[in-house]
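Those sequence lines, one after another, are chains A and B. Using the numbering used here, you'd call the opening residue of the first sequence number 1090 and step up by one each time. Using the numbering used here, you'd call the opening residue of the second sequence number 35 and step up by one each time.
Treat the hints with caution; some may be incorrect.
To be verified - Label-pair ranges, simulated between beta-carbon atoms:
no., chain 1, residue 1, chain 2, residue 2, range
1, A, Val1217, B, Thr306, 36 to 44 Å
2, B, Leu308, A, His1230, 35 to 43 Å
3, B, Arg407, A, Gln1164, 50 to 58 Å
4, B, Arg420, A, Gln1311, 33 to 41 Å
5, B, Arg47, A, Lys1212, 18 to 26 Å
To be clear, the hints were calculated from the coordinates, so they are not data collected in a lab. Fair warning: this is a prediction, and the values are worked out from it, not measured in the lab. Even for Gly, the Cβ is constructed at its ideal location relative to N, Cα and C.
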Amino acid sequence: MSESMVQIHNVTKVYERGKQKVEVLHGLTLEIPRGDFVALMGPSGSGKTTLLNLIGGLDQPTAGEVTVAGSRLDQLGSSQLAHWRAHNVGFVFQFYNLMPVLSAEGNVELPLLLTKLSGAQRKKNVAVALEVVGLTDRAKHKPKELSGGQEQRVAIARALVSDPQLLVCDEPTGDLDRTTADEILGLLQVLNREHGKTIVMVTHDPKAAGFARHTLHLEKGQLLEQAA
Amino acid sequence: MTKSGFVIANLFRKRTRTILTLLSVIMAFVLFGLLQSVNSMFNAGADFVGATRLMTQARVSFTQALPVSMVPKIESVPGVARVAYSMWFGGIWQENTPLFVFAINPLRHRDAYPEYVMPEAQWQAFANTRTAMVAGKLLADQYHWKIGQKIPISSNIYPQKDGSKAWAFDLVGILDGKDDAWRRQTNVAFINADYFDEANQFNLKGRTNFFIIKLADGANAQAISKTIDAMFENSPDETKTQTEKDFNLGFVKQIGDIGLIVHWILFAVFFTLLLVVGNTMAQSVRERIPELAVLKTLGFSDASVLGFVLAEAFALCLFGGLVGLSLATALGAMVEKGSGGQFQVTLDGGVWFIGIVAIVVMSIAVGLLPALRARRLRIVDALAGR
């Protein structure tokens, strides 16, 4: 864990809500080493999701520098950012956000449509990803035929399938019961420890944060402390 | 899974809605195909003729008969090779089936219309048998007429001298066309003008509705038209001479501007269709904004997402359009067969081409706005439900 996966320097993010301007992040500076598993905690409106969006290349800072996986995201245009996301980051959402019209394997294959892999190679990668999350036997099922925990596993497989170094998780267990949540968090831990994925996870749940290597606390758009 | 597979899967996310929309697209294209064919059918009356004939009718209206005695005068005009003449007889077959029957001079007609093909012996039989009739192949096939048969035809316009509306003719020949275009013009029958002259009650002896003027090679059609009309100016039988194409178009316009009527109907159909399909597409995009945002999150570019939505619109219109045009083709063929070729509403290549263009234009028209909306959406706002 020597070099940095995420470097954020003096980042400010201002949202315009109608005529009102809301500064969500105030000159935030942060560094996350490669291979780390970081939990971002803080009260609602503290800027956790905004920070996660910046790290995942979903949004641009108003000021400051965001460097992730060696790329200055604050300098990339919309299509460059899309290309960067496709190759460098996987996303896991609270409500899974799977495509209801596709089967589990179809959902997992979706990011691979952006690659030049053959159909056979894509199928192979999908099978591996579903095996990692323990859902091989549910490959043909549509999301509505799966439980919440299984849907989240499919979402994790989708995030993994193009082998990104960084996983960005926004409240990945927020919609799950305790047992299932622990299973998902255990899976993320395995991905971090055994597959070397860097994971940044937003959570309200201290128990979920306990699965991370580090926890960062945000309040009113500023980093409060860094705890081991 | 492929990108096209993903597009089709999305299209059928609301199966009932998509099927109903598809049905409206199919119906619109069935209407389009049939109406466009009707339009083509009426225009075909003008398209297949060459520029080798002129038609002369009374200046006021072709219903006002002209004297056949004008034939030698017209034939004396330099550049005129042959003059035929034709009188509308009408005719009703059996209970109430109207036929296109004209009273003509057989041999003059043969010379003026080399496009009609019939053995010379049958032409001669036609010329030499006063009660003779020749039928076009389409007509003869439709009613299973055979040479030698007596064909009873009634006329609501011209009773016989004894007041009877029932006429009977001896079928002595069946004429065909020299090519497909002319074969489609064989849904007519001709009777001998001499017999008609003597037998009709109205004493129309020696009069005809119009003259068909076959031009010599290289003749100046415009100059000849002017010469003929000038020849009869200020006489009781002033004439109006025009090319056969203009004459046919004018004849069709007696019914109305078919092209304009068809275009307005189609405009109304497609305008309604735009609203229906456009609304479906807009609704479909609106209800999956978060999914589109997820696509962008996964790395699909703005242009790719725009492409997905446009592809959905195109798939919907293409499938509906092709099915609609195919159905119209089948229906048109059935109508044509059922009418024995009188109503030639089979979709030709031209109608299909316009149909394909309409599919592409409609896809863009209904898909572009929702696609642009999908392209513009910001991931963080869409995921947050803003």
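Hint-by-hint comparison with the structure:
no.	hint	verdict
1	Val1217/A / Thr306/B: 36 to 44 Å	51 Å, violated
2	Leu308/B / His1230/A: 35 to 43 Å	38 Å, holds
3	Arg407/B / Gln1164/A: 50 to 58 Å	28 Å, violated
4	Arg420/B / Gln1311/A: 33 to 41 Å	24 Å, violated
5	Arg47/B / Lys1212/A: 18 to 26 Å	24 Å, holds
In the structure shown, a violation is registered for the earlier hints numbered 1, 3 and 4, in ascending order.
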